[in-house]
Structure formats: C-alpha cells, structure tokens
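**Q** The hints should help you fit chain P onto chain F, whose structure is shown.
2 protein chains.
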Amino acid sequence: MTKEKILLEHGAGGLLSNELVRNLFLPAFHNPFLQQLTDSAVLELGDKKICFTTDSYVVSPIFFPGGDIGSLAVHGTVNDLAVCGGKPLCMSAGFILEEGFPVGDLAKIIESMAVAARKAGVQIVTGDTKVVPKGAADGMFINTSGIGLVEYPHRIAPGSIAPGDVIIVNGSIGDHGAAIMGSREDLQLDAGIVSDSAPLNGLIAEILESGSRVHCMRDATRGGLGAVLVELAGQSGAELEVRESDIPVKESVRGLCEILGIDPLFLANEGKLALFCPGPDAPEVLEIMRKHELGRDAAVIGKAGAATPGKSGRALLRTVAGGMRVMDLPSGELVPRIC
Amino acid sequence: MTKEKILLEHGAGGLLSNELVRNLFLPAFHNPFLQQLTDSAVLELGDKKICFTTDSYVVSPIFFPGGDIGSLAVHGTVNDLAVCGGKPLCMSAGFILEEGFPVGDLAKIIESMAVAARKAGVQIVTGDTKVVPKGAADGMFINTSGIGLVEYPHRIAPGSIAPGDVIIVNGSIGDHGAAIMGSREDLQLDAGIVSDSAPLNGLIAEILESGSRVHCMRDATRGGLGAVLVELAGQSGAELEVRESDIPVKESVRGLCEILGIDPLFLANEGKLALFCPGPDAPEVLEIMRKHELGRDAAVIGKAGAATPGKSGRALLRTVAGGMRVMDLPSGELVPRIC
Numbered sequence: 008m009t010k011e012k013i014l015l016e017h018g019a020g021g022l023l024s025n026e027l028v029r030n031l032f033l034p035a036f037h038n039p040f041l042q043q044l045t046d047s048a049v050l051e052l053g054d055k056k057i058c059f060t061t062d063s064y065v066v067s068p069i070f071f072p073g074g075d076i077g078s079l080a081v082h083g084t085v086n087d088l089a090v091c092g093g094k095p096l097c098m099s100a101g102f103i104l105e106e107g108f109p110v111g112d113l114a115k116i117i118e119s120m121a122v123a124a125r126k127a128g129v130q131i132v133t134g135d136t137k138v139v140p141k142g143a144a145d146g147m148f149i150n151t152s153g154i155g156l157v158e159y160p161h162r163i164a165p166g167s168i169a170p171g172d173v174i175i176v177n178g179s180i181g182d183h184g185a186a187i188m189g190s191r192e193d194l195q196l197d198a199g200i201v202s203d204s205a206p207l208n209g210l211i212a213e214i215l216e217s218g219s220r221v222h223c224m225r226d227a228t229r230g231g232l233g234a235v236l237v238e239l240a241g242q243s244g245a246e247l248e249v250r251e252s253d254i255p256v257k258e259s260v261r262g263l264c265e266i267l268g269i270d271p272l273f274l275a276n277e278g279k280l281a282l283f284c285p286g287p288d289a290p291e292v293l294e295i296m297r298k299h300e301l302g303r304d305a306a307v308i309g310k311a312g313a314a315t316p317g318k319s320g321r322a323l324l325r326t327v328a329g330g331m332r333v334m335d336l337p338s339g340e341l342v343p344r345i346c
Numbered sequence: 008m009t010k011e012k013i014l015l016e017h018g019a020g021g022l023l024s025n026e027l028v029r030n031l032f033l034p035a036f037h038n039p040f041l042q043q044l045t046d047s048a049v050l051e052l053g054d055k056k057i058c059f060t061t062d063s064y065v066v067s068p069i070f071f072p073g074g075d076i077g078s079l080a081v082h083g084t085v086n087d088l089a090v091c092g093g094k095p096l097c098m099s100a101g102f103i104l105e106e107g108f109p110v111g112d113l114a115k116i117i118e119s120m121a122v123a124a125r126k127a128g129v130q131i132v133t134g135d136t137k138v139v140p141k142g143a144a145d146g147m148f149i150n151t152s153g154i155g156l157v158e159y160p161h162r163i164a165p166g167s168i169a170p171g172d173v174i175i176v177n178g179s180i181g182d183h184g185a186a187i188m189g190s191r192e193d194l195q196l197d198a199g200i201v202s203d204s205a206p207l208n209g210l211i212a213e214i215l216e217s218g219s220r221v222h223c224m225r226d227a228t229r230g231g232l233g234a235v236l237v238e239l240a241g242q243s244g245a246e247l248e249v250r251e252s253d254i255p256v257k258e259s260v261r262g263l264c265e266i267l268g269i270d271p272l273f274l275a276n277e278g279k280l281a282l283f284c285p286g287p288d289a290p291e292v293l294e295i296m297r298k299h300e301l302g303r304d305a306a307v308i309g310k311a312g313a314a315t316p317g318k319s320g321r322a323l324l325r326t327v328a329g330g331m332r333v334m335d336l337p338s339g340e341l342v343p344r345i346c
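Quick note, the sequences are listed as chains F and P, same order. Each residue of the first sequence is one higher than the one before, counting from 8 in our numbering. Each residue of the second sequence is one higher than the one before, counting from 8 in our numbering.
Hints listed in this document are in silico derivations from the structure and should not be mistaken for laboratory results. Nothing here was measured: the structure is a model prediction, and the numbers come from that model. For every residue, glycine included, the Cβ atom is placed at its ideal position computed from N, Cα and C. Heads up, a few of these hints could be off.
[Claimed, not checked] Result set (DSS-like, lysine-lysine): computed pairs, CA atoms no more than 27 Å apart in a straight line:
id : chain 1 : residue 1 : chain 2 : residue 2
1  : P       : K12       : F       : K141
2  : P       : K55       : F       : K55
3  : P       : K12       : F       : K56
4  : P       : K55       : F       : K141
5  : F       : K298      : F       : K310
6  : P       : K94       : F       : K94
7  : P       : K94       : F       : K55
[As the list claims (entries may be wrong)] To be clear about the criterion: a stretch of chain F counts as covered by chain P if any three or more of its residues have a C-beta under 8 Å from a C-beta of chain P, and this derived list gives those stretches:
id : segment
8  : 60-72
9  : 97-106
10 : 138-145
[What the hints assert, rightly or not] Here are some, though not all, of the chain P residues that point toward chain F, as calculated from beta-carbon distances under 7 Å:
id : residue
11 : I13
12 : G18
13 : L22
14 : N25
15 : Q42
16 : L44
17 : L52
18 : G53
19 : T61
20 : E106
21 : A114
22 : V139
23 : A144
24 : G241
25 : Q242
Pulled out of the complex, with its shape left as it was, chain F reads as follows (with noise of 0.2 Å):
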C-alpha cells in the first residue's frame, strides 16, 4: 500500500477499493471463493448451491428520494444475490446506532426495511444492535448479509462472458447517485431526481426462468456502470465495448451532471444490472425487461469482443461525438457516502 492513511477514495468502488482488495484483504483471507470477486460467493452444500454475501450502509442523508437507508440495505444485498443467480431466502440486519438517534426514525428505518424485504420475498431472521457514544457514528449504520439458492444450472459469472455476448442495461443510470447529491444540504439541487433503490430478484427470475442463455451479471452500484464495464473486462480478459449513445441516462440526471462535471456512467445506481448474454438470447431478455416494471427504459448497450490471451480486457466507450475512449475505475470519489 502507497497510502498510509485510509481515504474517502478506499471506499469508492474504484482504484482504491480495488488496490485495497488485491493487496491487503485477498492475501491474508486467501480462498477461491473470496478470490471469484463476484458479488455474492458461491458454495456448494450438500447437493445445492448456495450464495452468499454482505455490504455495510453508510449513506448520507439516511432518508432520500426514492428511498431512505433501509429499504437500500434490503435492495442492496437481495440484487448482489440475484446477480449471482441466486434466489435471495434471508437476510440479517446489523445495526450501529449512534447515542442520541431518534428512535422514531429508527422505527421508520426498520419499517421500511420491512416492507422491502416484503416486496423481495426475503426474511429478516436474524440481527444485531449496537450503540456507540455520541460522535463515533454519524447517526446510523447498517450492515446486511444475505443468503440465495443458486438453482441455474450454468456458471453466472465473469469467466462466461462470451465473444459476442451482448451487454444489455434494464434502465436509465446514475438516478441513485444523482438523488443522493441532489439531496444533500450543501448542495440543495432539487432536480426531482428518484433514486433508482428497487429490488431485482423477480426482474431476474423471470429472465433466468425463461430459458434465455445468461452469462454474466453484475448490479452497477458504487463506481455506477463504467466501473462494472473496466472491472468485468478486467476479470473476464474480454475486450468490451459499449455505444455512449444507447445507454439510458434520464434528462434531468445529465443536466445535473452537466452542472456538476462528472460522468453518469460513474454514478451509482441500486435498481441497475449489466446484463451479459449470447446474441441469440438478447431480444428474449430485453422483451422480458421492458415487460417488467424495473426494465422499462431496458436497452442493449453494447458486446463482448474476444479475449486475447495474457492481455487484461479493456472497457471502451464508443462517445457521442464518435470517439473510442479506454474506461479506467474512478480514482477519485464523485460522491461519498452514496450507499
């Protein structure tokens, strides 16, 4: 590690992050499962295939249009299981307080946690509270861990990205991470912005349930889309390229992006999957999207090119103005504390 002290940027889902798992996590914890990089890892138990995985919550503000900190968690960890193929059966609720929270708004909090988990078909079942004084948490955290039953038959996952796999989005991006900064005090842009926080596990079934061919999926949270495209090019080996133009981004999340000078391709999302199949496959998947409520606005963004061995894969961005552009992971943080 260069940096000796943690910075904003370790947390961003972009180089850091990624400096900080390759050099310190993934050494010391050295296993297979840990070592796919997915978001879920996958474990065989007796004759099924379970999935499983865990995200902390630290969002700022923790209430936030289209969602507040708790329905996030829910969504959160049910989409990194259903991207793995799983289908999510239970969950837990970790929660640090901070001394001096309402506790109005935690009932607020663990009601909608509830009525998330309702929607997602998920179970709460087991949890946890802790309390630290005032000052050493910024009113409240929560960690979720979830469970899925990987029923698929075939490998969802980085390494079946395909030469010619077609990659589809169900949806317009970067509307998570444009709420988020609209909704922040210092900022006070109300550009009407919804975040995007919906779960995607009955969005997935459908498609998986359907017979099409899925090879890869990935939710595009932190680090937003371009961040899923560098790092799956990276693990896959497979040069991908996506059309600027065909991607969804809503009207009024470019103009605030516009006024701000970041990217939405590197805004975060929480309703938003990259989507990898066969060719063939592609016209089933995005009618069963733009059939389901959360794949409207789906569009197919892009393909797969070839692997070439002994070569990491690269991300690139066909633009608006018809340039070819390499994609790298955000180095700096847009926008701290968006999930």
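**A** For chain P alone, coordinates are given in the frame of chain F:
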C-alpha cells in the same frame, strides 16, 4: 418505546436492548426464525440444516490485552454459530473505516482476522469496505455474519431446557469486560487482565460428538452470564438456580470489580458459554471441557428447576452470604463498546 432517543443502554444487552428487540424489530420483521431469539437463526435447506448469524463490532480500544476487534469479530460469530450446534462453514466481513485510519492498523486487524479464522477452521468468503469522512465514525467498525451447518440431531434451544438440567460454564467469567475496562485510557488500571476472546467451536464439537445430550447453550457476551441466565429463564419458563460460590471468577477480575463496584456476573465474555444438559450427562461434559484448553476451569454452577405453566421463569442466585437473589437484566451500561 418510552424513550425518544437511543441511549447507550439500548446496545448493552440488558433491559433496553431487550425492549428494542421486542417493541421494534420483532413486530416489523416478524417471522418464526427471528422469534426464536437465539444466537443464530436455524433454517432447513433441502435435507440440510444451516444456522445464520450476524454481529457488528464497535469495541474500543480496537487493540486490547488478549485480542483486537478483528479476532473478536471472528470469535463472536463463530461462537454464535457453535452454541446453536452449528459447525461454522463460512463468514463475511464488512468494514466501516473512518477516513484517516492508519492502513498499517487495518493490515494488522485483517491479519488477526485471518489467523483467528484459520484457527477456527472457517473461511472468510465475502466482504465489503466502506469509508466515511473523518468524524463520521470512530476508527473502525466490523460486521461479521456467518453460516454454520447443524448436524446435531436434537434441538439446542431454550425450549429444550428440562427440569433437573445441570448448568455448566467452561471457565472464569468477566475476563473480556475487565480487560476492556482495564485498557481504557481514562482508567489506567493495568491489572494484567487478558480477554478470554476465543473460538468455542472446537470445544463444542467435542461435546456434541461425544454423544452427551445437550439441551441448550449460549455464549455469555454482552450483559455477561447474568443476562444470559435471566434471558434463558424467561425464554424457557424454567427456574434457574446458580450458586455464586461455584461461579469461577479470576482474583484479578474480582479485584477490579470490587474497586469499580460492579458485578462480574454482568461483565462481558467472548469465550465463555453456559451449557444445559441432563444431570447424568454432566460428568462427561465437564470432563471433556476440563481436558480442553478453553475449558480447564469449567464448573457446574447450578441447575434448572421445573417450568411453571403460564409463569415466566426466574434466574435465582444463591449468594456467597447464603441469601437468595432474583437476578434482573441490567438496566444500565457497565462498559460501553465492549464488543
């Protein structure tokens, strides 16, 4: 909820923790797994039975005599699985770091987790790291969740406690709480007390594999052995009677408790459990414990009486002075951020 703000006591494992769970969490998330109020939720998965648990760790200081927040986070979750009869299979690790946290300390904590996990025979298979701005958290918090495989054929639960059951602890109580108190800067009491933080799964596996019947186990963490007995009396309906003179307490811990005017019965442990078994099985359980490095000072401390239908059970302490005292959940916080 009568209190409008979260107090430290809501996280102390005593009366207000209990109130929070019963008044907020259980009604919102209600399901039969959570309702069990055990250390782990036990779930059926095909022909397998798994258990699932979560805990967040906010201990201060993060390095203390006998361990650190990393080893503690591994032991705590391993023990929550083990006391439910689960063989720990895998764990998650979620980090919340404060901007500016020394990377060297993070590396030490991660290494300590890796060593603890290897010793306990469990793999850390999935993780997450969030960073919050300076001042929004105090250094580092860790969440660990774990999955265990339950192979013991009988139900290990408060409801299995039967009249005549013998209550055994595997050693001296209060060591962890006393070590944390002694290491707090504001106290500067170096009594040479070392935390008992340790993984109990090996000891518990030996007992369960011996064929001894075990009715219930619980690790005595926040709230100490006292809180565990009060809770188990309430959940089982049984009258639990323990003899103060038979409860092992180290001289150094007793000394510190006397200086500070606190009861070691309500001090946290991280490597101690209360085990309930039928009288005829007690000698074998005790022998197995005493042969194990984590049970050398194991002792029979009391027994379970009959449950009175419709009445909540009580935990009774026969004091050294000869009197009989009904124990209550502690209403205050003995030591904040003990785990």
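**Q** Broken hints, numbered, in rising order?
**A** 3, 4, 13, 14, 15, 16, 24, 25
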